Amino acid sequence: MRHEVERDVERVVLALDVNGETRDVLVPVHKTLLEVLREDMQLTGTKHGCELGECGTCTVLIDGKPELSCLLLPVQLEGRAITTVEGMSHGPELHPLQVAFGELGAAQCGYCTPGILLSAKSLLEANPRPTRDEIRDALAGNLCRCTGYTKILQAIELAAGRMR
Amino acid sequence: MNDPPHPAASPPTSPHGGEVSLRVVGKPLPKVDAAAKVTGRAVYADDMLLPRTLHCKILRSPHPHARILSIDTSAARRIPGVQAVITGADLPVKFGILPVTQDERALEHEKVRYVGDPIAAVAATEEEIAAAACDAIVVAYEGLEPVMSIEAALSAPKDERIQDYGGPNNIHKLVALEFGDVDGGLARADHIREDVFFFQGNTHLPMEQHSAIATYVDGKVTLWSSTQVVHYVHRALAKVLELPMNRIRVIGAAHGGGFGGKTDPFAHEIIVSKLAMLTGRPVKCTLSREEVFYAHRGRHPVLMWVRTGVTSDGRITAMHFRSALDGGAYGSYGVASTFYTGALQTVTYDIPAYRFEGCRVFTNKPPCGPKRGHGTPQPRFALELHLEKIADDLGLDPVELKRRNFVKPNTRTVNWLRVTSCGLVQCTDAVINASRFHDRGKRPGHGMGFAISSYLSGAGTAIYWNDMPHSEVQIKVDRGGVTAYCGAMDIGQGSDSVLATIVAEELGLQPADVRLVTADTDTTPIDLGSYSSRVTFMAGNAALEAARKMRAMLAGAVAAKAGGDASEVEFRDGRIGGFSFEEACVLAESRYGTLTSAGSYTPPRIAGPYKGSGVGPSPAYSYSACVVDLDVDTRTGLIHVNRVWIAHDVGRAINPLLVEGQVEGSVYMGLGEALMEEQTFRKGLHKWPSMLEYKSPTFLDMPEVETFIVETIDAEGPYGAKEAGQGPLLPVPPAVCSAVHDAIGVWIDEIPVTPEKVIEALRRREKGEPPRYGPPHFPSIPYPPTIKVEPPEKDASTAAI
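Top to bottom, those sequences are chains A and B.
Sequential numbering from 1 applies to the first sequence in my numbering.
Sequential numbering from 1 applies to the second sequence in my numbering.
It is worth saying that the hints were derived from the structure and are not from the lab.
A couple of the hints might just be wrong.
[As the list claims (entries may be wrong)] Subject to a maximum C-alpha distance of 30 Å in a straight line, what follows is the list of computed DSS-like cross-link-like pairs (lysine-lysine):
id : chain 1 : residue 1 : chain 2 : residue 2
1  : A       : K31       : B       : K695
2  : B       : K687      : B       : K111
3  : B       : K94       : B       : K683
4  : A       : K65       : B       : K695
None of these values were measured; they are calculated from a predicted model.
Let's have the full structure, built from the sequences with the hints guiding it.
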């Protein structure tokens with residue numbers, strides 16, 4: 001693949017609603033949401049593992065549903081509610097999922113953790129009493145290489161119980 | 001001012017003698033970095049974007065084997081935004097992780113040896129510009145015949161050898177050692193069996209792509225990197241950049257997963273440092289996922305042959321083990337990997353006579369190196385299956401046959417490895433009982449398999465031989481609290497939490513009360529890094545020594561003020577004797593001046609008296625046992641793992657939550673290797689360099705895991721602790737294969753056990769051929785004359801020799 005450098009690239013001003021705050025950004029139209037979050041908004045809690053939509057690491061919520069930020073363009077997202085891991089806690093108070101992940105050691109290297117937390121948040125909002133298999137289904141698109149998934153499943157179940 | 005007292009030599013905390021009651025050690029506490037990890041606050045290398053950062057891209061070879069005739073960077077340099085372009089002429093000094101194989105350059109300018117070999121690098125104001133500039137570099141190549149297999153590497157090359165050392169042909173390393181009388185042992189045997197096995201290569205696949213960012217300020221390079229070993233990166237940078245070490249600072253950024261894949265110094269770390277020196281601006285390079293697959297340094301593909309003699313009741317009389325490793329294009333850790341394929345067979349089974357012949361070859365593929373278990377999962381797979389087959393031949397229960405040969409605690413193996421604490425029996429009992437292994441019901445396609453293993457708690461010798469400690473810790477205490485400094489790198493396994501727990505235990509605090517500064521070559525004393533499962537044992541012991549010295553000062557000051565014996569002063573719940581921690585600090589600082597202490601750990605000198613004995617010795621070995629329960633669909637060949645029971649002798653669990661996490665993660669990675677993961681190539685190109693096509697287990701593939709922590713309280717480990725990060729992976733692949741045999745009666749002697757192999761083995765059985773899928777034979781290898789080593793006294797004392 002040849003890389004093209006288009007210097008007179010089209011740039012747009014967008015008003016993006018991220019974690020409940022609307023911010024204007026000036027970005028090239030081809031820049032992904034992942035890049036805009038990390039590079040233009042300094043929200044580096046959203047990680048990347050492949051930038052091809054394969055690993056789930058860059059998962060964010062769009063209107064509460066998990067989406068891969070490496071495959072989204074911000075030009076599609078004006079007026080949509082974008083949630084990143086930075087938007088999970090309420091002030092200094094962590095989300096019950098974040099607390100449970102910490103307590104049970106569900107985050108080892110922590111790199112897949114933001115994406116998994118957001119997938120889990122979306123699941124629990126739609127289904128407060130998921131079975132273990134329903135959790136597995138909901139998270140099947142998020143890879144983790146450290147934990148063997150076991151403590152993640154336990155932490156989501158612990159948080160679900162506390163949130164009910 | 002008074003001299004600080006010496007800490008009590010006897011173990012820690014109890015003034016009353018007997019087994020100490022531990023307050024934080026052994027508790028399932030959250031990791032000290034848990035909050036940073038669950039909030040997205042942890043700063044990984046690619047999260048850093050310093051003002052004026054330039055972005056670096058690396059031009060890599062599209063050919064597996066070629067001479068470089070010319071490199072023309074002039075067009076690239078003319079692209080607006082390009083700030084610097086470098087080639088091999090800018091970084092001519094060779095490096096490599098092992099002193100004996102300094103065979104890599106950050107940028108190659110004479111010859112490329114695998115697809116992905118770095119040739120040139122660009123720093124530009126934007127990543128896209130750097131990528132386009134790489135495209136504009138014109139390289140003329142003269143293609144050379146690629147060498148793509150072990151067999152091809154053993155033959156005479158059509159054009160030229162890959163490396164100009166080693167040999168004959170493309171052989172990198174040959175070794176032949178014999179301990180005791182193998183021929184005599186085989187002659188005494190009632191039954192002799194030979195088998196051939198193959199373990200395909202696979203890769204670490206960390207979720208985080210490698211990333212590094214460097215600055216050059218006031219004549220000094222600072223590099224933040226996703227590395228497991230800041231000290232080795234520091235050494236390599238000093239060598240290649242030709243700077244004194246005091247003008248280089250290496251800092252381990254938050255780490256997104258290593259598994260051994262970030263233990264070599266890498267080209268991109270050197271390149272961004274050089275580009276920062278040339279441009280005076282920060283330079284960052286983050287590898288693409290495809291580049292991570294080619295950076296590799298993962299599991300060697302290993303072909304193995306083993307011949308063992310046993311008595312009719314299943315006792316091993318002698319073993320002869322051969323390995324052939326497909327090393328890829330460079331040395332990396334390969335010499336050590338080669339020895340590791342022959343080293344640890346003896347630490348689980350009592351083998352009275354043992355011959356090992358090993359060989360590593362160069363091929364035109366990304367270099368292999370250490371992945372979780374480094375060189376030992378492959379022979380463990382072969383050994384466990386081989387013993388299952390011997391049990392089958394003798395009509396014995398394989399669990400019983402293995403038990404009869406278990407090593408005993410406090411013995412020395414025939415190849416001079418010192419075994420101290422050993423929980424093999426307890427581990428085996430735990431998984432055999434919990435899984436009801438011997439009372440399982442039988443239904444078509446269902447099977448269970450059992451395997452054991454062992455691993456090092458840190459290598460007994462450093463990568464480069466020296467007499468210095470392997471780990472050093474400093475502690476500073478004042479009214480602002482406790483800070484511990486150590487070069488160890490937390491790669492997610494929780495080494496920072498282990499250090500904090502040990503310091504907290506000694507000082508009567510909670511781990512969260514201990515501030516940590518780790519993995520920074522400017523501010524922390526040297527630790528050799530997160531590899532070979534060494535951090536808990538080595539940095540833990542260094543932290544324990546430093547903490548006990550600090551404790552002695554605090555206790556001494558409190559006793560001087562309040563009267564009584566310093567050894568009677570109790571440390572608990574943030575109080576020291578009758579004083580708050582802060583009050584005690586004031587007393588101690590008034591009495592002794594600045595409150596600092598240091599501890600270090602040097603492993604005992606236990607290597608045997610022969611060349612190559614540096615690989616294998618460890619101050620302690622962990623032990624594991626595993627049972628896998630699965631179903632095989634004989635129509636599709638698909639394997640469904642139902643459940644895994646695993647018991648791990650960790651000595652003592654400093655934090656059981658973290659130990660379980662390591663064990664579960666090891667089982668997961670072992671299942672991935674056993675069932676699906678393979679790093680394979682077609683004409684030099686990786687067949688599936690993406691996370692979708694390189695299959696790894698998802699939430700849907702992972703079975704329930706039942707973990708048993710076995711504590712044997714090792715005499716030399718901190719509070720008795722040993723390793724947990726690697727050992728529990730090892731028994732999983734052989735237990736899977738053994739369960740497949742139990743289920744459908746065919747042997748799959750090759751990892752991974754894919755559906756195609758299962759179906760082919762079943763087809764062979766139907767045709768009346770041997771019901772087996774695996775390598776047909778082991779090649780002829782020109783091993784050197786065997787070095788005969790006299791075995792040690794078996795029940796030698798555990799003291800260092």
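Structure-based check of each hint:
A threshold of 30 Å between alpha carbons decides the hint, and for A:K31 with B:K695 the separation of about 29 Å falls inside it, so the pair holds. Taking the CA atoms of B:K687 and B:K111, the gap is near 23 Å; set against the 30 Å cutoff, the hint holds. With a C-alpha separation of about 27 Å, the suggested pairing of B:K94 with B:K683 holds against the 30 Å cut-off. With a CA separation close to 26 Å, the supplied pair A:K65 and B:K695 stays within the 30 Å bound.
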